[in-house]
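Undergrad: Here is how the chains run, residue by residue.
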Amino acid sequence: MRILNLKDNPLFIRCWYERMRFSVVVSAITIMVLVVGLIFLSCYINQETLTVYDYYSKTHTPVPWLNFVFFYISIAQGVLIFFFGTRSISVITSNEKMSGTLDLHRCSPITRINQIIGLLLGAPILEWIVFFMAMLINFVITLLSSIKIYDFIVLYLGMILSVLLWHSLIMFFSLSSSKQRNRLGVLSGFILIFFFLPWILTMRLSSITHLTVFPSYIQLYQSIIGFAQKVPPWRSVNDWNILHGFYGFKIATLPFQFMVQVPLLTLLIFGISRKISFDDRPVFSKIQSSILFFLMIFYLTGSIITNTIYDSAMYNYYAYNYAILYVICFFVIALVLSFSATPTHLIYSKGLRRVKKTGLSKFSLSDEANSNLLWTVTILYIASLFYALFCYYLAMPARYAVLVFFLLSTQLILYTSAFEWFRLSAFRRKMAYFWTLIIILWLIVPILGFVTKPMVTAEFYEYYLSGLSPFFWSGQLLPKLWGPVSLTLLSVLITLVLINGVLAMAAVLLAYKTRQSIQNSLSMEKFVYPVS
Amino acid sequence: MIEINSLRVDYDDVTAVCDLTLTIPTGQIYGLVGPNGAGKTSTLKALAGIIQPTYGEIKLEGIDLELHPRDALVKIGFMSDFPSVYENLKLWEYLNVFATAYGIAQKKRIESVRYWVKELDLFDKWDTFISDLSRGMRQRLALAKTLLHDPAILLLDEPASGLDPMGRIEMRKILKKVSLSGKTIVISSHILTELSDFCNAVGIMEKGKMVVSGTIDEIRKVIGAKSELIIIFNELSEQDRGNFKEILSRSPQVLNAKEEPVLEFRMSFSGDNQQASQLLSLLVSAGLSVCQFFIRQANVEDIFLKIGARQVS
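Protein chains in written order, with the numbering used here: chain A, 1 to 532; chain B, 1001 to 1313.
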């Protein structure tokens, strides 16, 4: 079966039957016609007031009303395909999983990629059809107005790519989180991102921005109203460079979007394929996790380095902001990927039994049942290359850069091994303890340090208490590493590395002992053969 | 033909299937019996490629499921114990989706769907939404989906579960009809009477292990299951009872004769038809008014009970 042969794709056909009922299609098209008609009407009636204010020339310049029609229709399309399309894909994918129909497709000869394409394009099929109808209207407007065909293509290719990435992400979550509490976990993640988003946005990271559809809209907006302005709608050329810079190189919107979105989309498709194949597997293999980590750090470093080049004002005053962002992003990405690649007790023991059955003495390096320690060390090696590059551009003194990297590495090993220990030991059914411990170490203890600080005279007392929380120590320590560093602060840094190092070793040992104990218990297992 | 070699399926703390080795020849109707949690569903799901076994080799019609899943899966039709359906689709749409999944050519899809809808007596529900179908109809629909691509192997997991007595009888009739088609069928159930009628081989599972497996005759021999002889008299005086007991005592094939209820005697019988005929002649010539005389072969239920008494639970 060819990949894009949708008429022979059972999941696409299923979605088509379900979503393309006559009454629903008529309603959707009616609403689209009404919305587009309303946009046309409002722009036509108010064309006298459709002007653009130029901050530099301090003048209002009229803009052709059709340009604004195009702009508003594209906004409505975005809302439709991102919001309603997301809802459809989430509901249909979850239903496939919960009702057991996905199992029926799993035991049919249809390939995984066809299953994914069927759901990805089929679930929001109604939204896509309305989207393309509106796009046709915008194409006609493009021919009739001053909007360039090139901008039309950039907008829609960028938008379609972003939609596919976003829909894949939602599909991935819907397939990964079958339990209610997992869904709540995902929701909490989104809420957390929402709180951190304003801060991340102030960092103006080009690669993060290009993971979204916004650069396409910015490009479009410039195309629609730009001609009416004496200078581009950017406050400075610098802003444009920051938005499109990557390791100091300038890349146009569409290639930049393809560069950051296509690899992630590919990895997501791999993840979805794994979840569709067998539900109990980790979402990514160790190699896929490493690639994903590499990509994220590659993107992040490229944007930060660009900012240090083009945004000298921001860099000179707030270089540590980038360092904090880097450390936190590094830690969060590495930890999330590490946790997701950590084998469960079941996967580990299954792997051991397989190894035992095949007569091998140990796991292969890429075996997903293997311990996570090796994976962690691998990503730390990858990370160290980018980290070195990053420190060079941020002009962080080498000795402090090394200490910070050690601190970060030991913490990563500590939490990865602790998580592995929890997952493999008898505590695996009491993961709440692990998360409680994390909250205590990352939040309660550092806050306790701040609260009790007035009672203690020792300098940097609170740093010791926040030493196990990367979110706190990075915020406290990093700003002080540019400029003269006192001996006391240096000793604090070294002590924190030692504390975290010892704890990391203890966690590694615990995880190792637990693995040994599982191996011993399985070696005692007797195999029973059938009576007949 | 199904070949299973050292199949093991593990869940977190439970070994659902433990080193199962089994061969089911082409055309055999194999009943997988066992209490809930015995590992029947896990075995069937592993055969259908739905769950990944810990290890083990599965060959379907000689094709390795792990190495060539697409080629192997096209050979099977799997029906789960709970009918997984698309509530918002019409009956024919649902079947058309799966006809597409199994690669039936576009021109033949509707033809094939129509054939199985008629076969399973669902034609008057052709355009009905699945959400409006009863449980029994959904089960039949699920069976139609399973048979749609004419698979060589059928894996039926408790096909009559959740059905009322009428529904069960209907389902049994359909399955009997299907069983005549020469397909290899593996059917699991914990309700033994469901399997008694049409299985020619059974495997009894318990706690993930296959306790006994083979054709019913083979198992009878392995476990020494004897046939039951039932004799019912019209009337029986004290003298007749004495004569009857004496005749039985002279027949070494008869063991453990018990009167239950009055005038009805049940006993183990290890002889053949000729010996049974001789015994009947003796009873009649002794003037005993034999009303009914028949031998009941040990069926799946008896075998299960016999095994259960010895090994299971």
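Quick caveat, the hints were computed from the structure, so don't treat them as lab data.
Be careful, since some hints might not be right.
Among chain B residues calculated to face chain A with C-beta under 8 Å, some are [stated by the list, open to error]:
1) M1001
2) H1068
3) F1082
4) Y1086
5) E1093
6) W1126
7) T1128
8) R1220
Label pairs and their computed distance ranges (CB to CB) [what the hints assert, rightly or not]:
9) D239/A with G1103/B: 30 to 40 Å
10) P255/A with G1037/B: 48 to 58 Å
11) V25/A with E1119/B: 47 to 57 Å
12) G1037/B with F278/A: 19 to 29 Å
13) H1068/B with M431/A: 33 to 43 Å
14) F471/A with G1037/B: 58 to 68 Å
Here are a few chain B residues that sit away from chain A, every Cβ distance over 10 Å (derived from the structure) [claimed, not checked]:
15) K1045
16) I1076
17) F1078
18) L1133
Remember, predicted model here, so these are calculated numbers, not experimental data.
Glycine included, each C-beta is placed from N, C-alpha and C at the ideal position.
Undergrad: All the hints need checking, so say for each whether the structure fits it.
TA: Hint-by-hint comparison with the structure:
1. M1001: Status violated, d = 17 Å.
2. H1068: 10 Å, violated
3. F1082: 7 Å, holds
4. Y1086: Where the cut-off is 8 Å and the nearest Cβ of chain A is about 6 Å from Y1086/B, the hint holds.
5. E1093: Because about 4 Å separates E1093/B from the closest Cβ in chain A, which is inside the 8 Å limit, the hint holds.
6. W1126: 14 Å, violated
7. T1128: 14 Å, violated
8. R1220: This hint is violated: R1220/B lies away from chain A, its Cβ roughly 13 Å from the closest one there, beyond 8 Å.
9. D239/A with G1103/B: 30 to 40 Å: At 54 Å between Cβs, range violated.
10. P255/A with G1037/B: 48 to 58 Å: Holds, since P255/A and G1037/B (Cβ atoms, about 57 Å apart) stay within the stated range.
11. V25/A with E1119/B: 47 to 57 Å: Given range 47 to 57 Å: violated, Cβ gap about 34 Å.
12. G1037/B with F278/A: 19 to 29 Å: 22 Å, holds
13. H1068/B with M431/A: 33 to 43 Å: 38 Å, holds
14. F471/A with G1037/B: 58 to 68 Å: Check failed, 46 Å falls outside 58 to 68 Å.
15. K1045: 8 Å, violated
16. I1076: The claim is violated: I1076/B sits with its nearest Cβ about 7 Å from chain A, within 10 Å.
17. F1078: 5 Å, violated
18. L1133: 14 Å, holds
Taken one by one, the earlier hints fail for this structure at numbers 1, 2, 6, 7, 8, 9, 11, 14, 15, 16 and 17, listed in ascending order.
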